[in-house]
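Undergrad: Under the UniProt record's numbering, the letters of the sequence shown match residues 1 to 750, in that order.
No lab work stands behind these hints: they were computed from the structure. Glycine residues also receive a C-beta, built at the ideal position from the N, C-alpha and C atoms. Relax, there's no trap hidden among the hints.
Taking lysine-lysine pairs in the DSBU-like style, the calculated list, with each CA pair at most 30 Å apart, reads: (1) Lys141 <-> Lys170; (2) Lys382 <-> Lys170; (3) Lys427 <-> Lys579; (4) Lys179 <-> Lys141; (5) Lys437 <-> Lys518; (6) Lys170 <-> Lys437.
Cβ-Cβ distance ranges computed for the label pairs, FRET-style: (7) Asp381 <-> Ser195: 45 to 53 Å; (8) Val444 <-> Ser710: 38 to 46 Å; (9) Val444 <-> Glu656: 42 to 50 Å; (10) Asp381 <-> Lys518: 36 to 44 Å.
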Amino acid sequence: MLDRNSIVRQNLIRQIEQRTLPKPALKMTTVDAGLNHGQLVDLFETQVMSRHLDLESRRMQKLGQSFYTIGSAGHEGNAACAAALRPDDMAFLHYRSGAFAIQRAKQYPGSTPLFDMLLSFAASAEDPISGGRHKVLGSKKMFIPPQTSTIASHLPKAMGTAHSIALNRKLGTESVMPKDGIVYCSFGDASANHSTSLGAINAACWAAYQSVPMPMLFVCEDNGIGISTPTPQGWIHANFANRASLEYRYCDGLNLLDTFNTVSQAANWVRKHRKPLFLHMRTVRLLGHAGSDSEFAYRNLHAIESTEAQDPLLHSAAILMEQGVLSGDEIIALYNEVEQRVQRISKEAASRPRLVNKEQVLASVIPPKRKLPALAGVAEDKRSALFAHEKHNLGKPQHLAKLINWALMDLMAQHQEIVLCGEDVGKKGGVYNVTAKLCEKFGVPRVINTLLDEQSILGMAIGMAHNGLLPIPEIQFLAYVHNAEDQIRGEAATLSFFSNGQYTNPMVIRIAGLAYQKGFGGHFHNDNSFTLFRDIPGLILACPSNGADAVAMLRECVRLAKEEQRLVVFLEPIALYMKKDLHEEGDNLWSFDYLPPAQNQPIALGEPGRYGDGKDLCIISYGNGYYLSRQAEKILQQQGIHCTVLDLRWLVPLNEKAIVEHAQGFDKVLIVDECRKSGSVSEALVTLLHEADQASQQQRQITRLCAEDSFIPLGNASYQVLPGTEQIVELAQSMVQGISSKNNNIRGVG
1 MLDRNSIVRQ
11 NLIRQIEQRT
21 LPKPALKMTT
31 VDAGLNHGQL
41 VDLFETQVMS
51 RHLDLESRRM
61 QKLGQSFYTI
71 GSAGHEGNAA
81 CAAALRPDDM
91 AFLHYRSGAF
101 AIQRAKQYPG
111 STPLFDMLLS
121 FAASAEDPIS
131 GGRHKVLGSK
141 KMFIPPQTST
151 IASHLPKAMG
161 TAHSIALNRK
171 LGTESVMPKD
181 GIVYCSFGDA
191 SANHSTSLGA
201 INAACWAAYQ
211 SVPMPMLFVC
221 EDNGIGISTP
231 TPQGWIHANF
241 ANRASLEYRY
251 CDGLNLLDTF
261 NTVSQAANWV
271 RKHRKPLFLH
281 MRTVRLLGHA
291 GSDSEFAYRN
301 LHAIESTEAQ
311 DPLLHSAAIL
321 MEQGVLSGDE
331 IIALYNEVEQ
341 RVQRISKEAA
351 SRPRLVNKEQ
361 VLASVIPPKR
371 KLPALAGVAE
381 DKRSALFAHE
391 KHNLGKPQHL
401 AKLINWALMD
411 LMAQHQEIVL
421 CGEDVGKKGG
431 VYNVTAKLCE
441 KFGVPRVINT
451 LLDEQSILGM
461 AIGMAHNGLL
471 PIPEIQFLAY
481 VHNAEDQIRG
491 EAATLSFFSN
501 GQYTNPMVIR
511 IAGLAYQKGF
521 GGHFHNDNSF
531 TLFRDIPGLI
541 LACPSNGADA
551 VAMLRECVRL
561 AKEEQRLVVF
571 LEPIALYMKK
581 DLHEEGDNLW
591 SFDYLPPAQN
601 QPIALGEPGR
611 YGDGKDLCII
621 SYGNGYYLSR
631 QAEKILQQQG
641 IHCTVLDLRW
651 LVPLNEKAIV
661 EHAQGFDKVL
671 IVDECRKSGS
681 VSEALVTLLH
691 EADQASQQQR
701 QITRLCAEDS
711 FIPLGNASYQ
721 VLPGTEQIVE
731 LAQSMVQGIS
741 SKNNNIRGVG
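Using the sequences provided together with the hints, build the complete structure.
TA: Okay, structure coming up:
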């Protein structure tokens, strides 16, 4: 019995032989469309190549040779989209854009798209884009960043890339894309409903409404169904046809002539006007959602056969025959020749080596380092002018917020490609004044007030990084990042991994967070959980506890992003922003001098801070917990208990070797973690030290003090679920002196 794939193939050949082909809804000649006969045949060949790749992937899967069967069948008209664009227009592609990728490859002599895609299906280590890690459509030389998303999470970064084109021109910085380039971004009708895509389209319109250049061609490939859920008839048109600052066009994606003509005009319009355009492209979905999808469970036979009757290859065959370009026999011969070619190449692709050990798999989690020329310093007169408004403060110790502000000032002066973006970061200077005066000093192009949408903020940053800029986006509060964490996890962090290190997302994401705020509370502003960052391979998480460390660490974060192409999160403890004193009012012990770049004392990735040399107890902490531990250390010292306090500084990845070395010689270790007991970094620390003790056959007491597994309430109630100085003191006493703690809220692990 023939399977559905074979039936579709046989029906296609039969209908061509019998000339029972669909009638085009729009009468158009090749001349009308701007194509010649040779170009039309070339586009049809691309469609056939894409179709046979889909069919071959399913055949290979049955043989255990392929691991991905979501295909492009029914969407092959996007080959005409690729032909209508310039090959250096960056393309962020829908996962059904196989024909687009093939057609663009044809614009680059020497490309082997069939072999490359079959290597990807087979998860071969020789796959030129992902190195066998995933089936993705992508190519560095062809301006196609790889996408794995099926929910349109690539739209925000496409929007950011479009915005970066004019930004690079204004700043005079080196750009990956040409100055008159445009960004092409395709997605499905079901994904058009996702908050990510709606946010990106809204952000593009919001910018264009204010005359900000946004050369963006959104292409919605509408096949009328999302897996099994139909898209309401007319919904895409109703939703996007009348949006402010969004040009709307429609084309029949089943008709190569209409598609090429419409996309050519749309691309020219975007290139000329530098504004976003939404192209609504009719397609159909053939062969189900994927190889494992049984359409009969949710569609009746009549609906399936009606869809198959609209096969874009049949529409193309009708055009070729009607206009006398190819005969039916010639079309069938081309179809069969491509099939044989694909099957021949697939045998070779299936035999190519795959990833065979963890070292190979992990090789691209961390991006490759770049060799960059030495950084030129900023002339002293220019720097003096930059800091003129602070001349009376520069020689005085300052709190954390002020020192971060000065560090940003110097960094932006040194690195012309740094761009800050986020809500309220402009003239207001941010909620806590951390970005004060930066807009005044460097201008709106480099300090961008964004709309209130974290997905768009992070997407803009990712897109700017695609085009050679070094973004420093700000997320106003840690809790807000949860609205957009997939932009970090699913897009930025995976890019190096799925491109075998060819694409990277170097950036420093500044986030104000953690708890202990007074007068401004609730869990949205006092979020003490950064667990999500601990679960993202390749990401770096820095958390300074004081201004001096913040300056050195922020400079190191920028170096890591620029030279090592790393994705860095810089977590700033809000409660410590304005903290000047440590033990008593006026002691000024939490205020620090600012060292200019020429006197920079670097703090390398993973390097912890250490205070004291007491041998009775080692306290390990970070952020607010380190501040509280320093308070406790003085009290304990007065009681005859001598401690060493370790500030982790870098929370992801943990410098396990350094932590174990610093804890050596202590038979009692107290971990103070301001985050929740469950899922906090303290769990990793306890495990690390316990495993080290097993290896060295050491026996020691390891205890942790954490926040309760609770959201943070308003007011003083918040301190009931957070570690405090008194708790640290009591627990340290109980550990050193062997007495029971009076505080029932202490949670320790022995």
